[in-house]
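Let the sequences and hints guide you as you build the complete structure.
In the working numbering, the protein residues as written are 231 to 298.
Incorrect hints may appear among the rest.
[To be verified] Derived DEER-like restraints, expressed as beta-carbon distance ranges: (1) Ser-236 <-> Gln-272: 28 to 34 Å; (2) Ser-235 <-> Glu-271: 29 to 35 Å; (3) Gly-295 <-> Glu-273: 17 to 23 Å; (4) Gly-248 <-> Asp-289: 16 to 22 Å; (5) Gln-291 <-> Ser-270: 25 to 31 Å; (6) Ile-267 <-> Gln-287: 19 to 25 Å; (7) Gln-272 <-> Leu-297: 14 to 20 Å; (8) Ser-235 <-> Glu-273: 28 to 34 Å.
For the record, the hints were derived by calculation from the structure and aren't laboratory data. Cβ atoms here follow ideal geometry from the backbone N, Cα and C, with glycine treated the same way.
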Amino acid sequence: MSSFSSPHFMYLFALKSGKKKLAYGQSPADALDILRIRLSEQEMNEIVADQFIKINQRDLQQYVGELG
Numbered sequence: 231m232s233s234f235s236s237p238h239f240m241y242l243f244a245l246k247s248g249k250k251k252l253a254y255g256q257s258p259a260d261a262l263d264i265l266r267i268r269l270s271e272q273e274m275n276e277i278v279a280d281q282f283i284k285i286n287q288r289d290l291q292q293y294v295g296e297l298g
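Following this line, the structure appears as structure tokens:
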């Protein structure tokens with residue numbers, strides 16, 4: 231069964247630097263798990279896991295300047 235048979239969403243997680251990190255997944259926890267595969271432990275430590283917003287892909291452009 232494909233992982234994309236269930237809906238995935240985009241999340242912006244706050245970083246300690248004040249920027250945001252874009253992630254996707256079925257839930258915020260799933261999105262963080264996907265980031266753990268891609269990022270180093272040091273990069274993951276910069277993410278504030280309980281501070282996130284769920285966004286639509288069509289709204290992504292308005293957040294580009296906040297990404298870090």
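How the hints compare with the structure:
1. The hint said 28 to 34 Å for the Cβ distance between Ser-236 and Gln-272, and at roughly 31 Å that hint holds.
2. For Ser-235 and Glu-271, the Cβ-Cβ distance of about 31 Å falls inside the hinted range of 29 to 35 Å, so the restraint holds.
3. Here the CB-CB span from Gly-295 to Glu-273 is close to 20 Å, well matched to the stated 17 to 23 Å.
4. Remark: the range hint 16 to 22 Å for Gly-248 to Asp-289 is upheld by a beta-carbon distance near 20 Å.
5. Taking the beta carbon of each, Gln-291 and Ser-270 are about 28 Å apart, inside 25 to 31 Å as hinted.
6. Between Ile-267 and Gln-287 the beta carbon distance is about 21 Å. The supplied range of 19 to 25 Å therefore holds.
7. Hint check: Gln-272 to Leu-297, Cβ distance near 18 Å, so the stated range 14 to 20 Å holds.
8. Between Ser-235 and Glu-273 the Cβ separation comes to about 29 Å, which falls inside the hinted range of 28 to 34 Å.
Checked against the numbered hints above, the structure breaks none of them.
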